[in-house]
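If you're matching them up, the sequences are chains A and B in order. The numbers in this note's numbering rise by one with no breaks, and the one at position 11 of the first sequence is 11. The numbers in this note's numbering rise by one with no breaks, and the one at position 63 of the second sequence is 63.
In short, the hints are calculated from the structure, not lab data. For each residue, glycine too, the CB sits at the ideal point set by N, CA and C.
Restraint-style ranges between C-beta atoms, simulated for each label pair:
| hint | chain 1 | residue 1 | chain 2 | residue 2 | range |
| --- | --- | --- | --- | --- | --- |
| 1 | B | Glu54 | A | Glu125 | 33 to 41 Å |
| 2 | B | Val33 | A | Val142 | 31 to 39 Å |
| 3 | A | Glu27 | B | Leu24 | 46 to 54 Å |
| 4 | B | Ala43 | A | Val142 | 50 to 58 Å |
| 5 | A | Glu27 | B | Phe26 | 51 to 59 Å |
| 6 | A | Gly20 | B | Gly45 | 45 to 53 Å |
| 7 | B | Ser20 | A | Gly20 | 33 to 41 Å |
| 8 | A | Gly105 | B | Phe26 | 31 to 39 Å |
| 9 | B | Pro64 | A | Gly138 | 31 to 39 Å |
Far from chain A, by Cβ distances over 10 Å, these chain B residues were calculated:
| hint | residue |
| --- | --- |
| 10 | Glu40 |
| 11 | Ala47 |
| 12 | Val72 |
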Amino acid sequence: MSERRPRIAVVTFPGSNDDGDARLALEQLGADAVAVWYAATELDSDIGGIVLPGGFSYGDYLRCGALARSAPVMNAVREFAADGGPVLGICNGFQILCEAGLLPGVLRPNRQLEFLCADVTVVVESTGAPITTGLAPGDELVIPVKHGEGGIANRDGNVVGLMPHPEHAVDPLLGPTGGLPLLQGLIVAARERLAGYALDPR
Amino acid sequence: MLIRPKAGILDPQGDAVQASLAHLGFAVTAARVGRLVDLEIAAEGEAAARSEVERMCAELLANPLIESFEIVSGPA
Chain A
1 MSERRPRIAV VTFPGSNDDG DARLALEQLG ADAVAVWYAA TELDSDIGGI
51 VLPGGFSYGD YLRCGALARS APVMNAVREF AADGGPVLGI CNGFQILCEA
101 GLLPGVLRPN RQLEFLCADV TVVVESTGAP ITTGLAPGDE LVIPVKHGEG
151 GIANRDGNVV GLMPHPEHAV DPLLGPTGGL PLLQGLIVAA RERLAGYALD
201 PR
Chain B
1 MLIRPKAGIL DPQGDAVQAS LAHLGFAVTA ARVGRLVDLE IAAEGEAAAR
51 SEVERMCAEL LANPLIESFE IVSGPA
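Isolated chain A (complex conformation):
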């Protein structure tokens, strides 16, 4: 496998607050994390993957993720996803993907009206998506949630939304490491996508 560090864009919307952790985790796992501002109208051509991080984009006004879906950068995200590029939406980023129509459905507030913050065990149900490459059905990952739980992928598997935060679960010093295989899967997918492009070796 190539040692090249694939470039992965982490989009910052007004109100994103897990963008820094997402960049740190990706860097720690062997990617070059690229901070992309929500007002950007295009992505560098050597971007191999995109993360829409958690937080409270646009203050959760109107509906969670609703206003972010019309941010300028989302046109580039749509084009990237339509071209098969791997896109991971975490928590609020998941809600943005749903509002943007890149994932089906809608997320609702927790029934019990409480903000949940806990480590949950996520069971791998299917491995059809690129980010689950290193996993087998039945594998259990311990990852913190700061809201609800669970995740889905689009039909092609390249667009994935997760409520738990893999970027908070990559370092054993800080707790569980269930996020490792998911982010590593994204990095592998980004590297494979870029393998088709002629890039200067880094």
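Once you've looked at the hints, dock chain B against the given chain A.
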């Protein structure tokens, strides 16, 4: 625009309001909480304004999966 959670859609906010009103002694058996959006728009006539607002609701202001909307219009 009056935007409401559709019938049958879980509405935790409405449930919380109902529970709080019940705690205060009011005989409220159900509450649903929606949103009111006031818009001033320049349009040639009410029909044109209405169709414009319907597009706004479909594209952004309401999520058709979980919300219904009602347009109430009047002169500015």
